[in-house]
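Peer 1: Chains as they are written, first to last, in this note's numbering: chain A, 809 to 1129; chain B, 809 to 1129; chain C, 809 to 1129; chain D, 809 to 1129; chain E, 809 to 1129; chain F, 809 to 1129.
Keep in mind the hints are simulated off the structure, nothing from the lab.
C-beta: ideal position from N, C-alpha, C; glycine also.
One or more hints might be untrue.
[To be verified] Derived pair list, reagent style DSS-like, types lysine-lysine, alpha-carbon separation capped at 25 Å:
| hint | chain 1 | residue 1 | chain 2 | residue 2 |
| --- | --- | --- | --- | --- |
| 1 | E | K1039 | D | K1048 |
| 2 | F | K925 | F | K952 |
| 3 | B | K1037 | C | K1094 |
| 4 | F | K1037 | A | K1049 |
| 5 | E | K1125 | F | K952 |
| 6 | E | K1046 | E | K1125 |
| 7 | F | K1037 | A | K1037 |
| 8 | F | K925 | A | K1049 |
| 9 | C | K1094 | C | K1125 |
| 10 | E | K952 | E | K1125 |
| 11 | D | K1116 | C | K1125 |
| 12 | D | K1039 | E | K1037 |
[Unchecked claim] One side of the interface only, derived from the structure: several residues of chain D facing chain B at Cβ under 8 Å:
| hint | residue |
| --- | --- |
| 13 | P819 |
| 14 | W1114 |
| 15 | E1119 |
6 protein chains.
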Amino acid sequence: MAHIFIDQIEPGQTVDDIFLVKEPILRSTTRGDLYIAMYLCDRTGQLNGRMWQATETIYNALPKPGFVHIQGRSEIYQNNMQIIVNNISIVDTSKVCLDDFLPRTTKDTDKLFKEVKDILSRIKNSQLRALIDEFLADDELMKKFKTAPAAIRIHHSYLGGLLEHTHNTLNVAVAILPFYPQVQSELVLAAIFLHDIGKTEELTYDISFSYTDTGQLLGHIAQALLMIKQKADHLEAKDKKIDQNTMDSLNHIILSHHGQYEFGSPKLPATPEAFMVNYIDDLDAKINQVTAAIDNENPDADWTSWQKTLETRLYRKRIEQ
Amino acid sequence: MAHIFIDQIEPGQTVDDIFLVKEPILRSTTRGDLYIAMYLCDRTGQLNGRMWQATETIYNALPKPGFVHIQGRSEIYQNNMQIIVNNISIVDTSKVCLDDFLPRTTKDTDKLFKEVKDILSRIKNSQLRALIDEFLADDELMKKFKTAPAAIRIHHSYLGGLLEHTHNTLNVAVAILPFYPQVQSELVLAAIFLHDIGKTEELTYDISFSYTDTGQLLGHIAQALLMIKQKADHLEAKDKKIDQNTMDSLNHIILSHHGQYEFGSPKLPATPEAFMVNYIDDLDAKINQVTAAIDNENPDADWTSWQKTLETRLYRKRIEQ
Amino acid sequence: MAHIFIDQIEPGQTVDDIFLVKEPILRSTTRGDLYIAMYLCDRTGQLNGRMWQATETIYNALPKPGFVHIQGRSEIYQNNMQIIVNNISIVDTSKVCLDDFLPRTTKDTDKLFKEVKDILSRIKNSQLRALIDEFLADDELMKKFKTAPAAIRIHHSYLGGLLEHTHNTLNVAVAILPFYPQVQSELVLAAIFLHDIGKTEELTYDISFSYTDTGQLLGHIAQALLMIKQKADHLEAKDKKIDQNTMDSLNHIILSHHGQYEFGSPKLPATPEAFMVNYIDDLDAKINQVTAAIDNENPDADWTSWQKTLETRLYRKRIEQ
Amino acid sequence: MAHIFIDQIEPGQTVDDIFLVKEPILRSTTRGDLYIAMYLCDRTGQLNGRMWQATETIYNALPKPGFVHIQGRSEIYQNNMQIIVNNISIVDTSKVCLDDFLPRTTKDTDKLFKEVKDILSRIKNSQLRALIDEFLADDELMKKFKTAPAAIRIHHSYLGGLLEHTHNTLNVAVAILPFYPQVQSELVLAAIFLHDIGKTEELTYDISFSYTDTGQLLGHIAQALLMIKQKADHLEAKDKKIDQNTMDSLNHIILSHHGQYEFGSPKLPATPEAFMVNYIDDLDAKINQVTAAIDNENPDADWTSWQKTLETRLYRKRIEQ
Amino acid sequence: MAHIFIDQIEPGQTVDDIFLVKEPILRSTTRGDLYIAMYLCDRTGQLNGRMWQATETIYNALPKPGFVHIQGRSEIYQNNMQIIVNNISIVDTSKVCLDDFLPRTTKDTDKLFKEVKDILSRIKNSQLRALIDEFLADDELMKKFKTAPAAIRIHHSYLGGLLEHTHNTLNVAVAILPFYPQVQSELVLAAIFLHDIGKTEELTYDISFSYTDTGQLLGHIAQALLMIKQKADHLEAKDKKIDQNTMDSLNHIILSHHGQYEFGSPKLPATPEAFMVNYIDDLDAKINQVTAAIDNENPDADWTSWQKTLETRLYRKRIEQ
Amino acid sequence: MAHIFIDQIEPGQTVDDIFLVKEPILRSTTRGDLYIAMYLCDRTGQLNGRMWQATETIYNALPKPGFVHIQGRSEIYQNNMQIIVNNISIVDTSKVCLDDFLPRTTKDTDKLFKEVKDILSRIKNSQLRALIDEFLADDELMKKFKTAPAAIRIHHSYLGGLLEHTHNTLNVAVAILPFYPQVQSELVLAAIFLHDIGKTEELTYDISFSYTDTGQLLGHIAQALLMIKQKADHLEAKDKKIDQNTMDSLNHIILSHHGQYEFGSPKLPATPEAFMVNYIDDLDAKINQVTAAIDNENPDADWTSWQKTLETRLYRKRIEQ
């Protein structure tokens, strides 16, 4: 049975469906009766839920957050829609169609991943080759790489976003490298493939987008460095030590790819390759952020709302079709 | 007769050649004799020159700066090379091979310009088309466009640099636009063609690179705005008024293409096209600056000297050939 | 009939008057009936309005925003006043006393404008004279100049504010120029007259204060530059070309009058006149902002609320009467 | 006998005059003979001096720095002028015409001071009146106030500069206060009179311009605060206690008159009067700095050299005579 | 009778207790009846209060803010608790147990103060000794010193906080001075004792924490300077003048102890002692702020909420017990 | 035979000693004879050296840089001392007393290291214990740890400086931890021990102080992270895996210990322990820098020269002996 999305529920409608419950709280009314206030969510939004005649047992059993099947009815209360819950039961995550709850890229991730591998096949340098192959051979990691978002907010913040961002930046690099013959092209490709790989560990994206403890304490730049060392150690154990200059050149790009100290790069770019990766990454993220903001807002307005990180509103009127 | 370049003169050598004289000063020795101290320059560097037994007449006749033919001899004085000038005569700029005195792109500017026009021929939007054609038809301006440097220092600071930078950024735009289908491609191409057109007026580049008064007081961003208005006024006079939205969209990209207030942009980018032009411009300028710094320094050293505007030294060691 | 102002409506009062309607939305109740939620505004504030038993036809006819005559009744709902609308009809802007809806200077604008012209009559330099006369002769522009606010928020944000600000800064300049004899006084007066002239185009101020598209994309500094070029082109067509040095000196003051890059000036002041205009403009704007903030707040409190742009609260206690 | 100024000495000239000696050092030649290297200075510049056949006794007797009478001869050594000193004798500061050694305002300081007192006589508020009179009655302080420079470098850096700056800012305030009737005018005048009074203690200006230890450790803002308290304590001892609100309002202007934290103001302006004093002070200082820079540079050049604190070169070409 | 704290009131409970009333407003209902809306507060939080059937007489008599005894009943209204007030009467502050209304250190302030004096007894330098004794002998000031908070928000914002912060920083100084033998230890101890003494005057802390007018206009740094001068003047009157170098060295530490201009220090540290006081002060304030934020938040969460002044959330998970 | 230090050589003295030769260059005189210009250095400074009648063979054999034994004579040339070199021969680094060439701590490093180990023995937590022991057992690393400087410039820039800085910060931590009982003390001690351990790899310090390529490309923060992972991997291989929370907590302190993004920390402190390590590190570095600057300058002057990184001159006058 198809999920009824939050943004399509009408007032006075019967509701019998699975939702993500968040921040349930047990409260008592002025008459002393217990009730549960909660948010009911899917990928299109969230509504207040109220379960009257609740008990501590019901409350304690609820996941915080997690999936529940609810039966109830929608109503308008003080100009806002809310859902009166009559029955609530817990649903195992494995039974849930996650796509209903987390936004996901509209692109075909298998195709994107294949194209990423095709581009990476241009890398002939034996040292980089070995390192990249070590990553590609790590099935568990590649599965995460295909699923993770590229960020919690701002840009490519949907399942598959990391892959989509990596795919697009690799394509841009392939397209422009011919115009910069002094730039070491294979190093650029390898670095772009790995520049955000730490996000697979920095973020959680099973039932909602958030940071892991490690992610928040270390950041994806430091995590990428540790992951590359891990792979290099494996190669060294197989007598294929990556030489120091290759490791340094690659690690430097990872460490400097945010381009400025205040964006969390502990080093500023010091090679042509580091500058190129910094610009391509930033270009792709910003264009994604800007076009998403334009797409998501009122199509009748010439300007979007104020975009805090860009310090401007965005102009939506076009001169081309 | 081929020019003997400054950086190839040996001590004790006879010198009989044309140089650019700069900052000549008339001084007297402790015995009261007059002499002229001056710099003698070409595109490879400058040396101190000394003309003993000078007269006020000779001094007054000297251009400040300008070209002179000198006869004399090189010598080491206090560990530095200098040139003892016996005869000096003024040379008209028209007689001088300017290429010996100003650095020039190594590329074929006619070919670059033809390719620029080829790329611009992709613009079908009638409004942008008319505006671009108006610029291309301005022979005097196009001659300057093919000759001007892109900057006095930092990046593409050589004759033809503006054309080379515009050519390269147009190529980059053509290469990456397919990956960003929401971005208005013709607007991007038109804006890149014009983004630095104000530099033809901002800079002087006849015998050395400097700012014009107007250039220093207004900057090339404001000058580009006025030049575009000039062309649009011409079109309006021919009953081909450019509509307001097209003018605004194009002007906005010019005004915001430095991307940050502190780099002299009075507006921050507010359209996808403005972001794209900002990034492509900055990428091309930085890669040119970085690779030039790497090429110009001691080839035996792993690191360049400190690059003030980049706040780092640059690493010169490669992993690819 | 005098308008009843929003801030004077009492609960339970009959309302039969013209208001500015903003952001009307058609909604349905839990029972499926349609109603319209809207804001009803004048220059003293805004209230929620509700029209029950609405139809799509009524909704579609409403201006968004615009003026309407409403009949209804005020009531308290959830501690806030709202207006229950029984009848609503559209009113043409020409029938409306705009002064009820937009704040306006308390000064006599004809008198202010006459004094501005008197001060400008001190300009004897033929080039500046011609340019200023060209502006003064543009009746349509002068009408806007007398009507426009100086800003949407912060300082002189009321009809006639641009004129009042220009008038006051001209007076300040006349008063202090004698103490700075090296400063070119006529250039200062001309520049002050024109420094914010671009605001006539940057802002809309017919039914509420906002930015035009061009204004938001270009800003009033760039617009002033284009307007001055327009007038200079007219003069050139009449064989009265303004010389380059005069144009540059004037344009430079316009481009640098915000004094810092981060305030949108693409150039920093580089002449005594540019510094003077920058300081006089800023002084007048800040004193207006500060005294307005002090006047508008609770007269019993010694301190105003936090002023975000000034990073402080303001002290209201005086030592003089 | 008139002093021969440093910038007028010709090579090969006999020198028999008083100079300020700075940083004398006793050195030995390769043959082991002792000589003294020193700088010889007046208000027009400084030259290297060399005294061959020196002794430790001569060296020890020299002031470091201080005034000396030297006899010797000028010569060119390695393209620079230097003075060979044959005799050197110490000169008491009281015998020296300090005007030859320290730059001094060209204005009549007695006249300026009288005009300052005239302006201050407008202050009728009894509290401010008492405080100002207490300062004016302090003869020793007023003598310093008439002599001190307003700064070591940058603006009004000459004897009498503090008075000249205070005189001019008071005049500007009197001229513009009528346009800002809400601003408390007597408070503004009192605050301007005292805003830089701490410089009398912050700086030394007997034989050259420098900071006192206290000045460098506390700054003139903190010193002004302590000086005002001193005067208020005297008044309190005479039963004329200044009330707290007056003290606070005045002290606040002193503490905030640099307008920004990074310029050493521990408080940001929070009253209209504080904003006005901040702007008038800054305007007067900047116009003085800018016009001085323009006057002091090569009159043939259209642009001055780079002005570090202003982040620009200055344009010298005028449109008015 | 023990106070019932705000955060322990249940819905439907009879309330008969003293609260701090804040911002009472007299309003009329839609039927025209008068009622009073107010906040009722203690140190654990605040609730909305409503008194129906109010009169202007009752309203006028209310302190704004101040203590009142109220009788009434709690209820839930629109999901928030509020208190319906039936009777209200004013209570004199002297009758109130302030500890119920203002947070207070959990430490024994008499013991802390004794330990502070013990540490200060290490100061043997006669000049510093005399100055410190002058402060310690000022009973009124020392009473405030033992009561004042160290800040309104952020760190040590509770009664006794200033003493607790001073006590802890003195202890830290005593502990680390042995590792820095070049640092003048007695000067450090004296400066730490006095570094925040101005907060006794900067803040009010009788019924709630706020700034005094003088505090807000001058700041505690300037106030400390004036207080030290006061004490030094007393000593001078007793023929025990503190020498200039001692005054300068101490005052400099006060003026620079925030370490950066943007934190309100008008001088940057220029002595080892100034650096040490700056670091010890900042360390103690930050650790207090961080541990308080960790203690005050949900004990089940691994991370606190976003801490604006620290630009991060804080991690609560420990590896030690 | 004791080394004659550069700063003690007198003019006209015979020189027969070992020096570090830097940047030798082969040049020809105006007569065409070859000579070698070079710098001759030890830890007290450097002088110009000149070897006339040089050959290409001699030049090619010279280390660049490295140690040489020279025979020659000192002389004054153009007011500077230089050394005329008659014979030059290469000296193996192993034969050189490095202490003559590199500054070294005056403390006993064996004693310091023993005390470091004593303090670390307080760590009982089994996970941290295992990790610290792994580091202490790495003899090669510990040898570097005892030898490395803490920085190239600024603070503790001498052999043994890293150990001295680590020793002092550990002592400070032990002294102040009792005043902050909520702070996890063993985690602080472990983190301080390792916070700069990456400097053993970031810097070279065999014949002069410089950065390694890896050091310059990655920085010591990233290197410490990789070194800790290396040790943790060893432990995991021995079945003593360090748990994630311990690794995260420790790594976070390393990554954030510079306290601000602009100082190269990719993360801001988010735990009490991270704040404490940041402050202790900064305090110790600054006090070392400040007292060194004061010790190294002219003992007669009250103020040091301008300290660029501190944005002030330092005051040298004391009130205590």
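Peer 1: Taking the hints in turn, state whether each one holds.
Peer 2: Okay, the hints, checked on the actual structure:
no. : hint                : in the structure
1   : E/K1039 <-> D/K1048 : holds, 21 Å
2   : F/K925 <-> F/K952   : holds, 15 Å
3   : B/K1037 <-> C/K1094 : violated, 34 Å
4   : F/K1037 <-> A/K1049 : holds, 17 Å
5   : E/K1125 <-> F/K952  : violated, 34 Å
6   : E/K1046 <-> E/K1125 : violated, 58 Å
7   : F/K1037 <-> A/K1037 : holds, 9 Å
8   : F/K925 <-> A/K1049  : violated, 34 Å
9   : C/K1094 <-> C/K1125 : holds, 18 Å
10  : E/K952 <-> E/K1125  : violated, 38 Å
11  : D/K1116 <-> C/K1125 : violated, 40 Å
12  : D/K1039 <-> E/K1037 : holds, 13 Å
13  : P819                : holds, 5 Å
14  : W1114               : violated, 12 Å
15  : E1119               : violated, 10 Å
The earlier numbered hints that this structure contradicts are 3, 5, 6, 8, 10, 11, 14, 15.
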